[in-house]
Amino acid sequence: MEISIPVFIVLSIIYFVAAHVGLYKMFQKMGIEGWKILIPFYGTHLAVKAVKKSIWWTIIYYVPFLGFVVWMGIITELLKLFGKVKFSEHFMGVVFAGIYLPYMASKEDFKFIGYEEAAKYKKSKKREWADAIVFAVIAATLIRGFYIEAFTIPTSSMEQKLLVGDFLFVNKMAYGARVPSTPISFPFTHHSFPEWVPIVGGEKSYLEWIKFPYAKLPAMGDVERNDCVVFNFPAGDTVALEHQNQVYDQLVRDYGREFVWSNFTVVGRPVDKQENYIKRCVGLPGDKLEIVDTKLMINDAEAYFDENAQFTYKVITDGTGFNEKTLQKKGITTEPVQKLYDFG
Numbered sequence: 010m011e012i013s014i015p016v017f018i019v020l021s022i023i024y025f026v027a028a029h030v031g032l033y034k035m036f037q038k039m040g041i042e043g044w045k046i047l048i049p050f051y052g053t054h055l056a057v058k059a060v061k062k063s064i065w066w067t068i069i070y071y072v073p074f075l076g077f078v079v080w081m082g083i084i085t086e087l088l089k090l091f092g093k094v095k096f097s098e099h100f101m102g103v104v105f106a107g108i109y110l111p112y113m114a115s116k117e118d119f120k121f122i123g124y125e126e127a128a129k130y131k132k133s134k135k136r137e138w139a140d141a142i143v144f145a146v147i148a149a150t151l152i153r154g155f156y157i158e159a160f161t162i163p164t165s166s167m168e169q170k171l172l173v174g175d176f177l178f179v180n181k182m183a184y185g186a187r188v189p190s191t192p193i194s195f196p197f198t199h200h201s202f203p204e205w206v207p208i209v210g211g212e213k214s215y216l217e218w219i220k221f222p223y224a225k226l227p228a229m230g231d232v233e234r235n236d237c238v239v240f241n242f243p244a245g246d247t248v249a250l251e252h253q254n255q256v257y258d259q260l261v262r263d264y265g266r267e268f269v270w271s272n273f274t275v276v277g278r279p280v281d282k283q284e285n286y287i288k289r290c291v292g293l294p295g296d297k298l299e300i301v302d303t304k305l306m307i308n309d310a311e312a313y314f315d316e317n318a319q320f321t322y323k324v325i326t327d328g329t330g331f332n333e334k335t336l337q338k339k340g341i342t343t344e345p346v347q348k349l350y351d352f353g
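Last residue of the sequence shown: 353 (my numbering), numbering continuous.
Hints listed in this document are in silico derivations from the structure and should not be mistaken for laboratory results. Note that the structure is a prediction, hence the values are computed from the model and not measured. Be aware that one or more of the hints could be misleading.
Said to hold, decoys possible - Below, simulated BS3-like cross-link-like pairs (lysine-lysine); rule was C-alpha separation at most 27 Å, straight line:
id: 1; residue 1: K93; residue 2: K38
id: 2; residue 1: K45; residue 2: K58
id: 3; residue 1: K45; residue 2: K116
id: 4; residue 1: K93; residue 2: K116
id: 5; residue 1: K95; residue 2: K129
id: 6; residue 1: K62; residue 2: K129
id: 7; residue 1: K61; residue 2: K170
id: 8; residue 1: K338; residue 2: K323
id: 9; residue 1: K129; residue 2: K58
id: 10; residue 1: K129; residue 2: K89
id: 11; residue 1: K304; residue 2: K323
Using the sequences and the accompanying hints, generate a full structural model.
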């Protein structure tokens, strides 16, 4: 089911407005004038003060996306003050705040028990770990989705600067973070579970029950020529699972569509689940791009040429092999970018 961004915004507004109806009644039961919770900034300050947390909670609350973690904390801490300490009660209070909070606040037996009484409740070790893990996973997922994400280098095209398997952190705010197309996904996975995971190893780690159209958040700047950028490989929307390091279209050209579909598992992937690539941006919208005598020309001028630019050579020998260590010292790899396989 695809949900447009405007519809999602409307649903979010309904969620928070309905939740504040419940908070209004909860504040009244705590001896605080309910209308105060409806005042922007001041209401947040009062809520944070009511649960006896630091001013940093108020500040972080207004940080986009991360503020939801503080919202979760405020709701769960307020529910404790009303004697609601079960994990299921906190789950309902956060996920279904627009329904659960007004419903509970309207009940006569839903009463403010006071700080001393609430402090008597002690979590079990399992509950402490469960709460900590849930909050950490949600916070990390939001940071990974909209702020900074760790990537591994998948190919050798950036060798000398970046090697296959290298880790790097990418600032998603630089060019505008993309809204996830498939928000229901297992934490810390890209498109599949690791092979070593029992039962589901290698299976896709996301659900397409809810899908958002392509949309990006405001950027801090624009892509400049020769910037190194991370992006989703466009041709990765269709993949043969048994040979994911090969481009599907190339497989079809080499072996025919019928053979590929008969012998391999072919799947489609949404844009945010396609493979991550890192490349140097050599051209911008409106640029004139040509290749003249093996040289890349941008707007009739020779493009920037990195001293570590990669070349591909076909080498035919008399049967004598190469010394791999010597090749590595010279920065030469014997693995072609597009591996070929004998499927016969």
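Hint by hint, here is what the structure shows:
Distance restraint check for K93 and K38: the Cα-Cα separation of roughly 15 Å lies within the 27 Å cut-off, and the hinted pair is therefore satisfied. Pair hint K45 plus K58 holds up; C-alpha atoms about 13 Å apart against a cutoff of 27 Å. Annotation: proposed proximity of K45 to K116 holds, straight-line Cα distance about 21 Å (limit 27 Å). Taken as a hint, the K93 and K116 pair is honoured in the structure, with Cα atoms around 13 Å apart against an allowance of 27 Å.
Proposed proximity of K95 and K129 is supported: the alpha carbons are some 14 Å apart, at most 27 Å. At most 27 Å may separate the alpha-carbon atoms for a hinted pair to count; K62 and K129 meet this at roughly 18 Å. Restraint check for K61 and K170: not satisfied, since their Cα atoms lie roughly 49 Å apart, outside the 27 Å limit. A threshold of 27 Å between alpha carbons decides the hint, and for K338 with K323 the separation of about 20 Å falls inside it, so the pair holds.
About 20 Å separates the Cα atoms of K129 and K58, which keeps this hinted pair within 27 Å; it holds. Under the criterion of a C-alpha separation no larger than 27 Å, the hint pairing K129 with K89 is consistent with the structure, at around 11 Å. This hinted pair checks out: K304 and K323 have alpha carbons roughly 19 Å apart, not beyond 27 Å.
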